[in-house]
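One line per chain: the protein sequences are Z and S, in this order.
Residues in the first sequence are numbered from 0 upward in steps of one, following numbering that gives the first Met the number 0.
Residues in the second sequence are numbered from 0 upward in steps of one, following numbering that gives the first Met the number 0.
These aren't lab readings, by the way, just hints derived from the structure by calculation.
Mixed in with the good hints there might be a few duds.
Cβ-to-Cβ under 7 Å is the rule here; a few derived chain S residues that face chain Z [unchecked claim]:
| no. | residue |
| --- | --- |
| 1 | E67 |
| 2 | L105 |
| 3 | E314 |
The following label-pair restraints were derived from C-beta to C-beta distances [to be verified]:
| no. | chain 1 | residue 1 | chain 2 | residue 2 | range |
| --- | --- | --- | --- | --- | --- |
| 4 | Z | G160 | S | Q65 | 28 to 38 Å |
| 5 | Z | S132 | S | A133 | 53 to 63 Å |
| 6 | S | G313 | Z | A4 | 24 to 34 Å |
| 7 | S | G313 | Z | Q89 | 31 to 41 Å |
Predicted, not measured: the structure shown is a model, and the values here were computed from it.
All C-beta atoms in this analysis are idealised placements derived from N, C-alpha and C, irrespective of residue type, glycine included.
Protein chains: 2
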Amino acid sequence: MLTYAEAMQRVTTMQAQLQARGVDGALFIFPIDVYYFSGTRQNSTLWVPATGEPILMVRKSLARAQVESVLTDIRSFPSSREFPALFGEQVQKIGFTFDVAPVQQLNYYSKLLPGREFVDISAINREVRSIKSAYEIEQLRVSGRSLCSVFKQVPQFLKAGMRELDLAAEFEHRLRTAGNEGYIRMRAFNQELFMGLALSAGAASYGFFDGAVTGRGLSNASPQGASTQVIGHNEPVFLDYTGVFNGYITDMTRMFVIGTLDPELQHAFDLSLQIQLHLQKALKPGAICEELFQQAVEIADKGGLGANFMGMPGEQARFVGHGVGLELDEFPVLAQGFKMPLHSGQTIAIEPKFVFPGKGVIGIENTFAVSNCGGEKITDIDDEIVFL
Amino acid sequence: MLTYAEAMQRVTTMQAQLQARGVDGALFIFPIDVYYFSGTRQNSTLWVPATGEPILMVRKSLARAQVESVLTDIRSFPSSREFPALFGEQVQKIGFTFDVAPVQQLNYYSKLLPGREFVDISAINREVRSIKSAYEIEQLRVSGRSLCSVFKQVPQFLKAGMRELDLAAEFEHRLRTAGNEGYIRMRAFNQELFMGLALSAGAASYGFFDGAVTGRGLSNASPQGASTQVIGHNEPVFLDYTGVFNGYITDMTRMFVIGTLDPELQHAFDLSLQIQLHLQKALKPGAICEELFQQAVEIADKGGLGANFMGMPGEQARFVGHGVGLELDEFPVLAQGFKMPLHSGQTIAIEPKFVFPGKGVIGIENTFAVSNCGGEKITDIDDEIVFL
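Using the sequences and the hints given, assemble the complete structure.
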């Protein structure tokens with residue numbers, strides 16, 4: 000459980016950022032943002048003034064928020080008349096998360112607090128949250144161990160002749176009984192994911208959104224993840240799943256083959272491991288995100304598979320890793336255009352993958368913590384392809 | 000699959016609404032809105048002019064959108080320079096879904112189209128979508144049959160001594176292998192749900208958000224749904240699950256008891272059925288949503304259980320039914336403040352429920368289609384409590 004000391008550490012880190020930018024406070028309305036600072040995701044709005052104590056205003060359930068939150072000032076959501084009185088006249092510039100807050104919410108709070116300027120603090124918020132405390136990294140380790148325990152069981156139930164969907168359902172069943180909370184939080188607009196992907200060879204021809212690999216899915220309405228395609232012999236079976244425990248998300252991928260594997264695909268897998276090893280060693284404070292992505296591309300190019308790296312030829316994603324934590328798409332991103340340096344305590348899923356239309360998807364993914372010694376592997380089981 | 004004729008029917012219905020309000024067109028960016036009009040949820044933006052042909056602008060994957068969408072004008076998302084040229088000078092007032100579009104998205108499109116006024120069309124959009132075509136009602140029937148098939152299997156696997164989580168995992172496994180797409184779309188800000196709820200007696204003491212019943216969940220980060228609490232004899236076991244097939248969501252609840260049930264809870268169940276029957280008969284075009292909710296409250300009051308209706312005493316939700324379709328929280332809502340009349344073809348989950356702190360949750364839920372003969376039951380299996 001989050002302690003009061005740690006919650007206040009998070010609050011003061013955010014306050015320093017607000018002060019540095021001349022923002023008088025931040026109004027958080029997105030559930031996981033409220034949870035990060037308060038310890039509850041009950042339906043609430045959190046006011047973090049640039050100095051002083053935060054106020055948690057709860058719509059529902061107040062009783063539950065009082066049990067769950069470690070903050071000291073927890074109250075019912077005030078009436079429209081009482082609300083402005085909580086904000087002194089000196090509060091003029093209010094931080095708001097423009098990345099996730101719908102326009103109607105901004106309009107609602109602007110009307111409650113007339114004359115104030117609302118400014119976008121999305122990037123600050125993501126940067127603050129990207130650096131995990133020792134407590135958070137321990138939560139991620141617990142999440143990683145649980146997720147790994149299910150990956151280890153795959154040889155018990157993966158059989159030729161089962162549909163991708165049957166493999167997914169069996170994996171998800173074991174993930175749930177291991178305590179997986181199921182619902183995956185993503186921050187970027189337009190993102191939807193149900194637990195993970197279980198894909199056979201045919202999946203390689205289907206893509207959408209910003210991931211490297213998505214699968215066919217069950218319909219045009221849900222066009223990703225497992226389909227009803229049957230898994231056969233001698234093809235790469237690709238399992239990319241998330242673990243969600245106490246809110247903390249780990250992300251990993253392993254490959255399975257019933258029979259033998261095409262040497263070209265084995266070469267792609269070896270290249271994935273080579274990229275992963277290179278990046279793991281480089282996951283130190285100060286390394287530049289974009290440069291790590293470029294280095295991954297160079298290794299893929301040198302290995303002759305640049306055109307298959309991170310997506311179908313022509314639809315390649317321009318990243319090789321993404322932050323994970325309370326959301327699956329946290330900062331930092333190892334991607335083109337991300338020029339920021341890594342910080343100790345950031346946690347990143349590294350996922351070099353190669354797509355071969357008609358033949359399948361090959362790759363590896365593990366969650367690492369950035370440290371002075373390079374990436375600490377949080378999803379710590381053997382990386383090799385499992386042949387059955 | 001959506002046909003071109005039906006997609007154009009939806010487009011022209013929306014266009015009539017835009018014209019009636021003097022809006023020159025609508026820019027849809029929310030995936031399920033794009034899907035509704037185009038047949039694809041690939042990462043795209045859809046322009047529906049007040050008159051003329053819609054334009055689907057695809058970020059990724061264009062190839063897949065071309066296969067999936069029935070629209071005729073499908074193109075790559077234009078460059079910032081090319082984008083404004085798609086909108087003639089006569090386009091001044093642009094509809095946008097302020098309910099779901101993040102502020103950053105509004106700012107992005109406002110910058111692409113300087114000088115234009117963006118107006119909120121959230122309500123129009125939800126109203127148009129609330130009335131289902133014959134095709135859509137058939138999709139909901141398929142969804143309902145699949146969901147019912149899993150509810151029928153519960154006596155095979157519900158046992159005393161299993162955790163709520165084990166029951167959930169088993170139910171979800173069967174739901175997935177039956178073809179359930181898993182990811183549940185909800186429109187309202189702040190909503191999160193993973194497939195459904197499997198709750199034992201202790202669940203009654205835990206609530207959050209706008210639902211009547213939520214359960215304890217596995218952590219403060221995921222405070223709803225199944226917990227690790229063990230299911231015992233002689234207590235109400237509450238299963239509230241959704242079916243998602245071809246994007247269409249049905250919603251239902253059934254009760255199970257291993258042993259016998261407290262007569263007070265049996266009375267509450269009988270009252271649930273009485274309310275459901277009353278509302279089913281009343282689900283005709285022209286009935287006023289708010290009045291149906293009030294009638295449900297009156298029956299609960301007369302039965303002596305007004306204080307337990309739709310939530311814990313003191314935290315009661317003020318609704319008894321909600322629209323379902325491509326989202327779990329569609330229009331109309333049978334709730335206080337909803338003064339609109341019902342229309343033929345609307346599909347509504349009716350869910351009278353009673354909460355008894357420490358004793359459990361009791362209720363029923365079925366998805367109905369509004370018709371001239373009253374509600375057509377789409378989740379059509381027996382309503383009675385299953386005693387094991």
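We went through each hint and held it up to the structure:
no.	hint	result
1	E67	holds, 5 Å
2	L105	holds, 5 Å
3	E314	holds, 6 Å
4	Z/G160 x S/Q65: 28 to 38 Å	holds, 33 Å
5	Z/S132 x S/A133: 53 to 63 Å	holds, 55 Å
6	S/G313 x Z/A4: 24 to 34 Å	holds, 32 Å
7	S/G313 x Z/Q89: 31 to 41 Å	holds, 36 Å
The structure shown violates none of the earlier numbered hints.
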